[in-house]
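Peer 1: So you can see what is in the structure, the chains are spelled out below.
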Amino acid sequence: MHDVYQFVSGPLAWVAFLLFIGGSLYRIIAMLAEVKEKEPFIFTYMSLKYSLRSILHWITPFATYNWRRNPVLTVVTFVFHICLFACPIFLLAHVTLWDEAWDIRWWTLPDAVADVMTVIVIACCLFFLIRRVTQREVKFVTYPSDYVILGIVAAPFLTGFLAYHQWFTYPVFMILHVLAGEVMLAAIPFTRLSHMLFSPFTRAYMGSEFGVIRKSKDY
Amino acid sequence: MKKGMTIIAGAFFLAAFMVLSVQSQEDMAEVDPSVFMNPQRPAAVFKHDEHNETAGIEECNECHHVYEDGKLLEYESSEDMRCGDCHGLEAEGNMPSLVKAFHGNCKGCHEKQKGGPIMCGECHVR
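Going down the list, the protein sequences come from chains H and B.
Numbered continuously in the working numbering, the first sequence closes out at residue 219.
Numbered continuously in the working numbering, the second sequence closes out at residue 345.
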């Protein structure tokens with residue numbers, strides 16, 4: 001277990017972060033290069049004002065027509081994404097590892113709060129799963145890979161929860177937790193999780209096209 | 220009568236003191252967490268004598284180190300002090316915080332020795 005943990009938390013962590021950062025840069029640069037080659041005209045009407053107007057509306061709950069149309073989904077989506085990011089980034093155990101490895105540290109959540117946030121993330125994943133299976137309009141645009149991606153996102157939280165509470169065999173779930181987190185990081189640039197990278201660009205483009213060309217709102 | 224009571228009370232306190240002082244290292248089962256205001260994890264499991272027997276540690280200063288101006292004093296030892304006498308709750312200059320000192324001293328050595336607990340929950344056992 002000693003060697004396995006050393007390996008997953010050492011060399012494998014490097015691989016995961018390199019894939020995440022390198023892959024993300026590659027995907028963004030490749031996307032911009034593709035736009036430049038196929039639709040360079042887009043750059044002529046990109047507008048900072050309309051880009052920010054669109055992004056700000058879409059990251060505010062109920063600030064767009066679409067967010068108001070399905071309030072339950074909107075609340076779940078926002079709560080999910082806030083917990084998904086805040087919990088691992090501000091987790092005391094994670095910051096402790098950053099501090100030990102790089103001598104950098106920042107504000108942390110109380111463990112009890114992070115525990116609740118973890119349960120929220122898992123519950124939201126279940127909500128998304130049930131929604132995918134039961135809602136016809138969602139089922140229609142669902143690929144098998146979407147279930148895999150949902151599993152990839154839920155896994156670090158599920159294993160993290162079990163490791164934190166030390167249920168079942170602690171070392172096994174601790175190692176699985178590290179692995180699950182690494183799989184998720186590495187999967188971000190190369191799966192639909194890449195909406196994390198592309199959503200600001202999508203909104204900037206939509207906002208600019210609606211604002212400058214169509215003279216209308218995109219929210 | 221009054222004198223007898225005083226002697227009994229004195230003997231009782233002496234016995235209590237002896238029991239408490241004997242209970243220091245041999246019976247130590249965890250790292251004393253009392254200095255931490257709001258500990259987030261259970262106290263780290265640490266059986267002093269059992270640990271040193273397993274790890275084959277003879278010298279106190281293998282763990283009870285003394286640093287001066289950032290340098291380890293090889294022949295100095297600090298087992299007569301509490302870790303928190305030097306290490307504060309926050310880092311000060313070169314000196315790591317108490318939490319980081321504990322983690323570094325325990326986990327750091329376990330990593331080097333390729334033995335002993337290195338995952339959070341192996342020491343902070345619920």
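Derived by calculation from the structure, the hints in this document are not laboratory data.
Every residue gets a Cβ at the ideal spot worked out from N, C-alpha and C, and that includes glycine.
Warning: the hint list may mix true and false statements.
Taking CB as the label site, the calculated pair distances span [as the list claims (entries may be wrong)]: (1) B:Val285 to H:Leu18: 36 to 42 Å; (2) H:Asn70 to B:Lys333: 29 to 35 Å; (3) H:Ile28 to B:Val285: 47 to 53 Å.
Peer 1: Now, for every hint given, state plainly whether the structure supports it.
Peer 2: Taking the hints in turn, this is what the structure says about them:
no.: 1; hint: B:Val285 to H:Leu18: 36 to 42 Å; in the structure: holds (40 Å)
no.: 2; hint: H:Asn70 to B:Lys333: 29 to 35 Å; in the structure: violated (54 Å)
no.: 3; hint: H:Ile28 to B:Val285: 47 to 53 Å; in the structure: holds (51 Å)
The structure fails hint 2 only (numbered hints given earlier).
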